[in-house]
Each structure stands twice: as structure tokens, then as C-alpha cells.
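J.: Sequence:
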Amino acid sequence: MTTISLVHILKNIKEVESLLISDLDKTNVEVNKKIEQAREKARKIIDDVIQKIETERKEIQKNSEIEIKNKLIEIDITTQKILNELEEKAKSNKDAAINFILKYIFGEINA
1414 MTTISLVHIL KNIKEVESLL ISDLDKTNVE VNKKIEQARE KARKIIDDVI QKIETERKEI
1474 QKNSEIEIKN KLIEIDITTQ KILNELEEKA KSNKDAAINF ILKYIFGEIN A
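If you count the sequence shown from 1, position 35 lands on 1448 in our numbering, and the numbers rise without skipping.
The reader is advised that the hints may include incorrect statements.
[As the list claims (entries may be wrong)] 20 angstroms max Cα-Cα, derived PhoX-like pairs, lysine-lysine: (1) K1475 to K1465; (2) K1482 to K1471; (3) K1465 to K1454; (4) K1457 to K1447; (5) K1427 to K1439; (6) K1457 to K1446.
Just so you know, the hints here were simulated from the structure itself, not pulled from any lab data.
Please construct the entire structure, taking both the sequences and the accompanying hints into account.
T.: Quick look at the structure:
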């Protein structure tokens, strides 16, 4: 081989090297773009999941508040029933006491 042919081969090797480096740079740019796209997709998925979790949390909280209100209403109704029963018993006891006193006053009951 002559020097000229060696120079020519070396020149061809440098051109191939340059093309390979250029292709590698292009591939690197494409890979970086795809990585960024994947990151964006991951962020969107995470945001969607967080939104779904927040929506579900609000729904659970709303349902819990409704359940608590319903229980409080039940307690209020039960308390009112008990108070009404006590009031009726007190009135009945009052009426019985008045009848007893009247009977005592009018001498229907001996002491």
C-alpha cells in the first residue's frame, strides 16, 4: 500500500467516524425527546391519580358527614320521644297526686 492509499483510507475512516458521531448525536437528541415525553406522560398519570384520590376522599368525607348528620337526627328524635314519655309520666303523676290530695281533702282517704 502506498501512502496515498493509506491517506485515502484514513480519510474514509474519518468520514465514517464523523457520520457515526452525527448519527449518535441525532439518536441522543431523539432519546432525550422520548425521555422527556415519558416524563410528561408520567406526570400526567400521577396528576390524574392524585385527582382521583382527592375526588374519592371528598366523596368519602361527604358520605361520612351525611351519616353523622343522620345519626344526630336519630339521636334527636329518640331524645324527643324520651322527653315526651317523661312529660306524659310527669303529667300522669301530677294528676294522680292532685287526685290523691283532693280525695284526702274531701275525706275520701283516711289518714
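J.: State for each hint whether it applies.
T.: Verification of the hints:
1. For the proposed pair K1475 and K1465, the alpha carbon gap of about 15 angstroms is at most 20 angstroms, so the pair holds.
2. Only pairs whose Cα atoms come within 20 angstroms are accepted, and K1482 paired with K1471 is accepted, the gap being roughly 16 angstroms.
3. Proposed proximity of K1465 and K1454 is supported: the alpha carbons are some 16 angstroms apart, at most 20 angstroms.
4. Among the hinted pairs, K1457 with K1447 is consistent with the structure: their alpha-carbon atoms are about 15 angstroms apart, no more than 20 angstroms.
5. Proximity of K1427 to K1439 is assessed by CA-CA distance (about 18 angstroms); at most 20 angstroms being required, the pair is judged to hold.
6. Note on K1457 and K1446: the hinted pairing holds, with a Cα-Cα distance of about 16 angstroms set against a maximum of 20 angstroms.
Going through the hint list in order, the structure satisfies each hint without exception.
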